[in-house]
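According to the numbering used here, numbering within the sequence shown proceeds without interruption in unit steps and concludes at 1707.
Fair warning: there could be bad hints in the mix.
Straight-line alpha carbon distances no greater than 27 Å define the calculated DSS-like cross-link-like pairs of lysine-lysine that follow [as the list claims (entries may be wrong)]:
hint: 1; residue 1: Lys1619; residue 2: Lys1654
hint: 2; residue 1: Lys1569; residue 2: Lys1680
hint: 3; residue 1: Lys1474; residue 2: Lys1680
hint: 4; residue 1: Lys1680; residue 2: Lys1634
hint: 5; residue 1: Lys1467; residue 2: Lys1634
hint: 6; residue 1: Lys1474; residue 2: Lys1517
hint: 7; residue 1: Lys1517; residue 2: Lys1654
hint: 8; residue 1: Lys1517; residue 2: Lys1467
Derived Cβ-Cβ restraints for the label pairs, each shown as a range [unchecked claim]:
hint: 9; residue 1: Ile1609; residue 2: Glu1697; range: 22 to 30 Å
hint: 10; residue 1: Val1652; residue 2: Gly1498; range: 43 to 51 Å
hint: 11; residue 1: Lys1654; residue 2: Pro1690; range: 40 to 48 Å
hint: 12; residue 1: His1605; residue 2: Lys1634; range: 19 to 27 Å
hint: 13; residue 1: Ser1695; residue 2: Gln1598; range: 17 to 25 Å
Just so you know, these hints were derived from the structure itself, not from any lab. Glycine included, C-beta positions come from ideal geometry on N, C-alpha and C.
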Amino acid sequence: MVSEELCCPWEQLFYEPALLDSASGDADSGETVKYYCSILKQGEIRVLDVGCGTGRLAIPLAAQGHEVYAIDSSSDMVSFFQEKLAHLDSELQCRIHLHHLNIQSQFYDGSLDVAIAVDDFLTHFLDDSSLLSTLKNICYSLKPGGRFLTDLRGRSQQRIATATQPFPKPMHFFGIVHQVPTPFGKRSAAMRSVESYDENKRILTSTQIFEWILPDGTVEKTIYRTLRQRLHRLEQLAAAAEDVGLKLGLAHQRLNPLNEASYEEGMSVEFYRV
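Take these sequences, add in the hints, and give me the full structure.
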């Protein structure tokens, strides 16, 4: 997904399906799913779910009657999602079309109505080339006039200032999630993280520590994960999108249409294919 050299060997393994599916860490999947379902509402719309993960959005969209084309570059995510699909009713299964596809290198040939990439998806591309390739392939997956919906999380000035400081620096604790399914039974998962920020490259690096906890409270194992994200302001993202044929339609505060978009509070953005 990224063109720069990985800073840690485990970086490419950041998104573990079971952790992602449980919304561990700072994932706000419930509010995110609710927002996108309200934007599309009821009806039969052909939707491309870009970076579908374990199906947290694709399944509710299909339940609303939409035809969902779910794609992800991770074979582990696709396998996890495929297992979930097997337990859904046949009507939902027929509305979800799951594919292992990397949107950075390949577009989905479907002339679809809407493409959705949720929860900071576009921050995962660390240079202009990879971002433009991704936006171009999303554009090519849409019919003329088709919409592309995405969102970016907010980062406060204080958070960026803290991340810019030298070590040692404070860690963030994101609480504990219980009943996470694993091959060895259900576990609890706790997460902490520490962030660094490169102002010149606009890259935020988050080193995260996940602990798998047994029912008796014993830590079974500790896993380190590193995530790097390139932060965008609205004008930067809009300019990149326009270069590949996507025109900015509207923008507002992330998941909240009543307030204005801002770098600190985050933003939800809608583009359309010209």
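Hints versus structure:
no.: 1; hint: Lys1619 with Lys1654; verdict: 14 Å, holds
no.: 2; hint: Lys1569 with Lys1680; verdict: 12 Å, holds
no.: 3; hint: Lys1474 with Lys1680; verdict: 23 Å, holds
no.: 4; hint: Lys1680 with Lys1634; verdict: 25 Å, holds
no.: 5; hint: Lys1467 with Lys1634; verdict: 33 Å, violated
no.: 6; hint: Lys1474 with Lys1517; verdict: 24 Å, holds
no.: 7; hint: Lys1517 with Lys1654; verdict: 25 Å, holds
no.: 8; hint: Lys1517 with Lys1467; verdict: 20 Å, holds
no.: 9; hint: Ile1609 with Glu1697: 22 to 30 Å; verdict: 28 Å, holds
no.: 10; hint: Val1652 with Gly1498: 43 to 51 Å; verdict: 44 Å, holds
no.: 11; hint: Lys1654 with Pro1690: 40 to 48 Å; verdict: 42 Å, holds
no.: 12; hint: His1605 with Lys1634: 19 to 27 Å; verdict: 22 Å, holds
no.: 13; hint: Ser1695 with Gln1598: 17 to 25 Å; verdict: 23 Å, holds
Checked against the numbered hints given earlier, the structure breaks only hint 5 and satisfies all the rest.
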